[in-house]
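K.L.:
Chain by chain, the residues:
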Amino acid sequence: MSQGGNGSGGGDFEPRITAFVCNWCTYTGADLAGTSRLHMASNVRIIRLPCTGRIDPLFIVKAFERGADGVIVSGCHPADCHYTAGNYHARRRFALFRELAAFIGIDPGRMTFSWVSASEGAKWRDVVDDTVARVRALGPFDDYRRLVDLPDASGESYATVEGLFGEVAP
Amino acid sequence: MTEPHDAAVDAPEVATGAPGTARPAAPDRYPETGARDETGDLHGVAREVLTKGDVGVVIGWEEGRRGVRPAFVTAADDVERLVFDTRCVHNLVTYLNPRRAQIAALGRAAVVVKGCDAKAAAGLLREAQLRRDQVVLIGVRCGGVLEVADLDEPAALTPETVSPRCFRCDNREPHLVDYLVGEPQEEPPRPPQTVDERVAALDELPAAERWEFWTEQFSRCVRCYACRQVCPLCVCERCVADKSVPQWIDSASHPRGNLSWNLTRALHLAGRCVECGECERACPSGLPLTLLNRKLAQTVRHRFGYVAGDDPEVPAPVGDYRLDDTEEFIR
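Residue numbers (my numbering), protein chains in the order written: chain F, 1 to 170; chain G, 171 to 501.
Simulated from the structure, these hints should not be mistaken for laboratory data.
Hints may contain errors.
[What the hints assert, rightly or not] Here are some of the chain G residues that sit facing chain F, going by a computed Cβ distance under 8 Å:
#, residue
1, Arg-426
2, Leu-466
3, Tyr-491
Owing to the predicted nature of the structure, the values given are computational and were not obtained by experimental measurement.
Backbone N, C-alpha and C fix where the C-beta goes; we use that ideal spot for every residue, glycine too.
Excised from the complex, chain G in its bound form (with noise of 0.2 Å):
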């Protein structure tokens, strides 16, 4: 067994309230880049941060010959094509990423977030590849989504349908925004088994049936790095895996690289991972990641009591320290 975390780790500090009740209102962090509109729709914040001038691209979400996809609108006549629903599991701050300099020749970026999206635009600010002035960030007060985007409708979420990660979220109401939009909205229904059960259902198998387990599922790792490409975090311009003198991550999709990688993708991703779950929607060989991330994102709460939120100003655990981190595993 790994060490057990309490049942705690499960639950955020942070009160998500009652279903149905929205959290007090969030303090002006960032009053400088422009003020709160609570009031606007969605259609009416885009079109005016177009028309201002000062913007130009609004990243959001629109519908696509299957569900919804990612929709980049550059004039302000076009603002009616985006859409907010359940199916826009999309973390659209990857766009943000400096590597995406395509997206950056389009100009300034306002960027369509859920509260989950938020928190890797924090981690952008935090790590400062991302300047809060390069950015405008419309918040969508967010209820959960499904785990797929590709309905032809929006549909109601159900316990099957829902994306484990949504269960206990606790920023249904980004505060790192510079305008909110939408309706309080209510808590998702419980999946059946949530993410923390699965990590705990893991941890008590004996550690020969969790290397079967891992390795079986990295052996299905075809490393095309879909992972990293979608991932917002996800920000190195060069990633070790490509480099090859010294090759530290063979390259090849066998067994040996394959652990590798997904270790260190896992590992350099602890205390920075939202888990937005996109490296997981991602794979096209359905490698079960939410897991790796939630394991380092639960100890990281257990040793050293940071959770991955939406204020910049909280500095990340990794490459912080504190004189007095427990060591119980050093002698």
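Chain F extracted, bound-state conformation (with noise of 0.2 Å):
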């Protein structure tokens, strides 16, 4: 086990990244990013939300439950909220969440905290390409998933990632 990351670091490791990110600006975001024809890793699946205010931190426990290496969470810049304020509960709501989750030693560098509007393409880009880079430099995240598929009282493991993401294409 490697000193923080929890994870091994591979060679030829490809992370899992499951990204939670608003409706209204970061998936337009990325949406712009595709339109625009921008290269990025391709190791990132992007999951739609209202807003980030509707973002619970048991959907990052749940993702990296499921197998995810890293997690994205991003929305609206602060005074953009199409809800008016659900990113400023977002924000403190995340400041406790990484703090909590260092402290039980999940490394904060698996989570990665945006604020992407509508026209920044450019920006998402860069989230996750840079996302990809520092979760794989840490390694897949053996620690959650050794935990996670610790056979139960009846002998049987949890069938966690492959049926969740498939094969993530180099």
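Can you join these two chains into the complex? Each is in its own frame, and there are hints to help.
P.N.:
Structure representation (structure tokens):
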């Protein structure tokens, strides 16, 4: 086990990243990145939500539980929230979650929080590329996966990763 | 390492005064609920509120077969049963929790509260789970309690037996009360290792060792939810841990669900927890839940400048926000 990264780090490891993004800014920004034909890492699976205020920290836990190596949470810049204040609430919530996760030993480097507006396709590309590079360096989240896959009382393991993500294209 | 907090996090800004000195008298925030009675003793106050007829039950402590236990006194003739000493560790405000319909059926409650318990009552008021006129609060001046309640005799506090949470308590004399009884108390002895010191010791470990520590701890969780049931501020009618469609938290006593559950419990109490320590005391597996609570309390104080107190008018930090909240972790 590598210190701090919770993973083993491998040469041909392709990180699985789950992104929870708000509908109004980051999803549109990611769409812009696509329509602008920007090149970026293909390791990210986006889950679109109405607002960062809708994103429960439990979503992040669940993503790790189901085999994600890293998570991105992204939404509207402060003062831009479609619902006025959802991102301000999210900002407090994730400040606390990040600290708690670090306290129990989850490397905060596995989580990226960002503000990406609808016009910031290039910033979305940078967020994705930087996150993928960082998580690639940390390695697969083996610690969490081992924990999840421990056999239960009936001797069965939890079917996790492949069903959700399939293979990630290099 | 997680982000270090300054050492002053430990020391409340509210002066607790030198040992043996009482704080200045608290202001009457709720004069409409009855005059404060500084001279009354616990039995006298309990008899008075029961005799006046507007209180159906006084919730306090009584001698049980093994130490003290919560008592529900419904008749003025029974008030002699009530005791208060260093064994009275239970936070009785949990009985005001709106989930507990069987207690509400006894009528308007008067509850005996220590300082930490009064903060929990403030939490319920702050979140509109309770109206101030639904409850009479009988405050007791508290100089700290033991870690356990099951001693046959009241015991003096020693560094080994005092509850670590009582160190540097900022609410020895609850403000949010209708009656205040008992003599001013001295500060309790310092425990060998304070809660902050235990959190700091964990903070200094490499992340991998913290992960080892917590996953080992959580692996012993039997998912009895005693921590939730005893908590005065776990007020949800339906807990996310009980929901099965979709099932966010695996319900089996397995490390994956145990981790989700314990993270969720701690996070849902961030900025609300009054650190009465009941979750840890109730835990049959002895998980150090107060360390998670304290870590979040430190973070809340550090980032949002908030300390859970017994003033219900001060909004809780989660559910509130400031435009200039720090966001150094967001790019």
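K.L.:
What are the numbers of the hints that this structure violates, sorted from low to high?
P.N.:
The structure breaks none of the hints.
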